[in-house]
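Taken in order, these protein sequences are the chains called Y and H.
Those letters in the first sequence? Residues 69 to 543, per the numbering used here, in order.
Those letters in the second sequence? Residues 8 to 454, per the numbering used here, in order.
It is possible that some hints are incorrect.
What the hints assert, rightly or not - Chain H side only, calculated, beta carbon under 7 Å to chain Y, not exhaustive: (1) G392; (2) Y442; (3) L452.
Hints in this document: simulated from the structure, not taken from any laboratory.
Owing to the predicted nature of the structure, the values given are computational and were not obtained by experimental measurement.
Using N, Cα and C, we set each Cβ at its ideal position, and we do this for glycine too.
The lines below spell out each chain.
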Amino acid sequence: MLSAFPSRLSSALGALAAVLLVASPLQAQDQLRGDAPDDWLIQDATVLTVTNGTIENGDILVRDGNIAEVGTDLSAPSGVETYDASGEYVMPGIIEAHQHMAISNVNEATNQVTAEVGVGDVLNPYDIGIYRALAGGVTTAHVMHGSANPIGGRNETIKLRYGVTNPDRLKMDDAPRTIKFALGENPTGLYGEGRNQVPGTRMGVEQVIRTALTEAERYMEAKQAHQSGERARPPAHSERLEVLAGVLRGDILVQTHGYRADELLMLMNVFEDFGIQDLVFHHVNEGFKIAPELAAFGDDGAGATVFSDWWSYKFEVYYSTAYNAAILAENGVNASINTDIPGEQRDLYLQAAKTQRYGDLSDTQALELITINPARQLGIDDRVGSIEERKAADLAIFSEHPLSVYTEPQRTYVDGVVRFDHEEDPDDMRLRVDPEGTVDLARDGWSRHAAHSCLKGVAQLRATRNGVTLENADQ
Amino acid sequence: MLSPSRPRPQRVSAVLTLFVALFLALPAHAQKQPGFQGPFALTNAQVIVAPGDTLDGGTVVIRDDSIAAVGPNVSVPSDAQAFDLSGQRIYPGFIDSGTHLGLAEVGSLPETQDFNEIGDLTAHMNALTAVNPSTVHVPTTRVHGITSVITEPENGILPGTAALIGLHGYTPEQMHLGGVTFTKLNFPSVGRQGPSDDRSPETIQKESEKALNKLNELWTEAERYARIDSAVAEQPEARRQPEFVPAMEGLLPVIRGEQSLMISANAAPDISKALDWAEERGVLDQLILSGALEGWRVADEIAAADVPVLVGSIMQPPSRESDRYDKAYRTPALLHEAGVTVALRSGKTENVRNLVFHAGFAAAHGLGKTEALRAITTTPAEIFGVADQVGTIEAGKRANLFVANGDPLQPATDVQHLFIDGYKLPLENRATKLYDEFLNRNPGLEK
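Chain H on its own, in the form it takes in the complex:
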């Protein structure tokens, strides 16, 4: 990886060769599609079946949208396109546990942003509705081996539901992975919310309490709404329908214990209060914590509550000037050491691709390489209830995987092949296309 120099034409010619090979091998209709299904056989690779479970010289067979076989002695099916991957590694696709991917296009243009609905209490909004499958950010993200992400709404106390999406598809429904949907709650915060937040500590405290009261009122009403709704369902003739309240309708699955509740909280007092709140409201079993920038301060409380945490973004300075400079990088490790289940989130839109480097930094700052990989593969798959579908390279799971010429968390490593739901996708995006056009611009200085 740290070789002094690398001849550039290699990459271009490798891409060309591959392109020509594919062109020759494919039926005409597939040539115009950016992705196509196999069957494929990936041979002689080091297969990272799961973090900490590596198979040398293994073969992976992909058929339709799934992994058909994995093992040292798997034979290549006669109808499969085979890739000799000697010296390369196959990893399960990575999962980012918190993004705005698909919900925003250009940061400064509100008309291109769909994650902030108006109002504090909009629990009936669904992020999946607004996912743009054609956003320029999807191909930019997935070429780094990131095959699925949580995309979430933002504004207010109860902004709506987040969804797990796979990064290939032409409709939001095609992208929706395992039907994973959960309600998000921004827990009222006692933290300062940005450089322009010049509220006094007293004002922050007051506003946080006010927001918490608002949340409690709503939740109590929602619980009542759910009881009435259930009673009506039991005796439709004897009861009157309650007035339709969309936000409360949106909360029904959470109140009834059918849907996870993700609470976003970062300041230590917010996290403690959120855990107490969830216990009082009887939703602790459904709880997922997100953010947790100061989770290390209350790691034992989180561990005792047995609540999984989606940590991040960790690539930031600590939340207090008095904290050690690398505290945010170390948060995943400190939580893990306390016994907390940890997944990583980038918190990004256009730079979700940096999740791999976030994982690298978490690994370097105490978490270790295997745990860091778990935090972007098996652990989120388990937290979101889709461990039977994604997170490892095992027969029967979705073919969400990629091939790299080294450790994919290292910047110098290149991803060589990418499969999502069995579709082999080109490693192309706006960034690579501009590179190909402009590295040696023609005409150059003189026309």
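Chain Y extracted, bound-state conformation:
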């Protein structure tokens, strides 16, 4: 039969078949870097390993997306591309412990406890913000549920593989699951002031959390009783309580929005009562007041991921200090710096550098705040956060020291693949085009300030006449 086909048609079919074979599913899902190499030798850089000092004229050999060797005078095996980084600085890819980019929903603000939802279900790989973060040396981001509810939804740790279109390919394999809790003005503003419901106070926030965790404890006990035959039927399935049971078991790390010292102490007490060991506080503007208590929490201390210098945008951050990160770090708290707001994720290296003005942190201490420390907070420090052999080749290359205000990011590698290239990338890096193509002045001067006020989160709600509007951030 085949021989009956005219030869031109059969060769065309053959070509089509060849195209289909070459275009593997993986490539088809990566619009930008489907065939990009993940074997590299980066040569003659100042290598800021963060965990093992600085190597002058250092080389990094990358094989299959992982760091194979770090040293000097390494040579490139055949088939390995080289990048001449002489005069440049390589640091571990920056890790953002608190972001809301790359998700199409932020807050399930319909109940005080919404542990059953997760932003992993609404990842948006087309968000240009992912590329802009890469252009600032960021390679990993913890994208989070909002802070409307005392117990919010689950977050997702993503690798910034900009170019992939399958949302699941953004997810970081093996990253521990995490969940958002929130204290203070945001939940009390939304539920108390906004809806005349508990919690209207910080007392109420405590009891909402205690009640939910107690219900989860009883749910677990009932399930256990059923399994051991003491109980005829299992409890009615609750996805919410399943997730909270994971929190109680220590399988799901709790990431808690909170500002004031008293509410941070409150949650530490609650967690001690429930035997929960893993706790990272986010924003934590008053963390400096209780740095010794944070450091002493549980086995490893409570983590704190803070803003470099944001304050005064609402009352619970009025008594703040830009020295917060330095005070925490000097008191032995595992601290990191984040930017929270989509659009702000481009200059984390500058935010880290500010700790040298506010508290005289050393270069390594400052870099830890955006690399290994957030990696520890997210439970991914075995894979990322420093330049070490066998870790993922997530690397950020800068023209000058990354803590210099005059530095410019040159290249960013994620799993050994160049995902940002200062020289080669075109200006327009969209994966798809918005036909309306409006001018977005969202972050423009004063109109930005207005937007920023909304971005303050639900604490702002009582000032708006048009009901509840929640933005893509939750300061």
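Fit chain H to the given chain Y structure using the hints.
The following block gives chain H in isolation, referenced to the frame of chain Y:
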């Protein structure tokens, strides 16, 4: 700056030593004041007289509120308190060309905010009236060498007048620098105004046109109001007074060409339209452009109109998804290359202090260090007509200057001394006080 580690006690002990020295040197009444005047002599420093004009091993003498002398061979007056500043640099105080400083305290509390008056047409409002000299944000800002800022009203099309204020004083009038006051106009915009702005492009266009019509109507009336007002002034007996219209009264100095008009516009079409509008209305000579996020798209038009620009905030993503990631950082450079006069504005309230890092980013993204410094010293001083008072370190000018142990745009650099109007001000604010109290909290974990 990038030394691996620095022993912390140095800073504390340096502050202590200075404090003790001052305490011993001062009359009793001055000890209770946060700032005091000299005379002072700053010796052996590298003096950045103006961006691009550096004097090594120079001496600066400050007497009363002014710089009395600057030079390599200036002798230290016998009555002056002298500071040996070997290895340090003296810079002219920085100027932020657009903030809300003094007009707001806590972002989420409307009762602490005074920059948004009700109504679209409130040209008779004056930001200076509402400046709170005691705001916690003033000392937080000035410790970075920022000695004066433009503070401006916000809401509506014609929100009122902005003012240049110095960052030391107990009344708004004491802070008002050189009497600089100018009218602000928010040009009707075709841009999307924030993440919650979900208007359709058609609606945006329609609303922008409506606002422009409103502005034109008002301006035409204001021109007429000014003509009548002038006619009445010429023949008070023969003419009837026009009905008093406060907003139009507020516009009189602009209509008469006596006061600058600052137009805030960011989208490229808005900027083009604003330039045409200003020409039609005969106010192009008085025009200052503010914002200009997309100014680079129409840089040649701005240059041809010879209008100075207060750019910023540049620390933001570009205005269109299709634009290169660093376009906002590069806007000052692109405007400068086109021949536009560029000053920088932070657009902030509590974080005006970051102006220095905005300048650093502008420098790194094409503007260069000298031009970036000009954009926060000499250039705004010239734009606001106070170049005879501030912007450089020259004899006869106000003593607005600071001493740093390095490049003040670098995060690792520390400001060591600060002078505003000749007052030596402590480098203290809420942030430093909390640091001093809590770095090594006592009691710690156990009481």
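A quick look at each hint next to the structure:
Hint status for G392 (chain H) relative to chain Y: violated, with the closest Cβ pair at about 23 Å, above 7 Å. Given hint, Y442 (chain H) at the interface with chain Y, holds; its Cβ is 4 Å from that chain's nearest Cβ, closer than 7 Å. For the restraint placing L452 (chain H) at the interface with chain Y, the shortest Cβ-Cβ distance is roughly 4 Å, inside the 7 Å limit, so the hint holds.
Violated hints amount to a single one, hint 1; each of the other numbered hints is respected by the structure.
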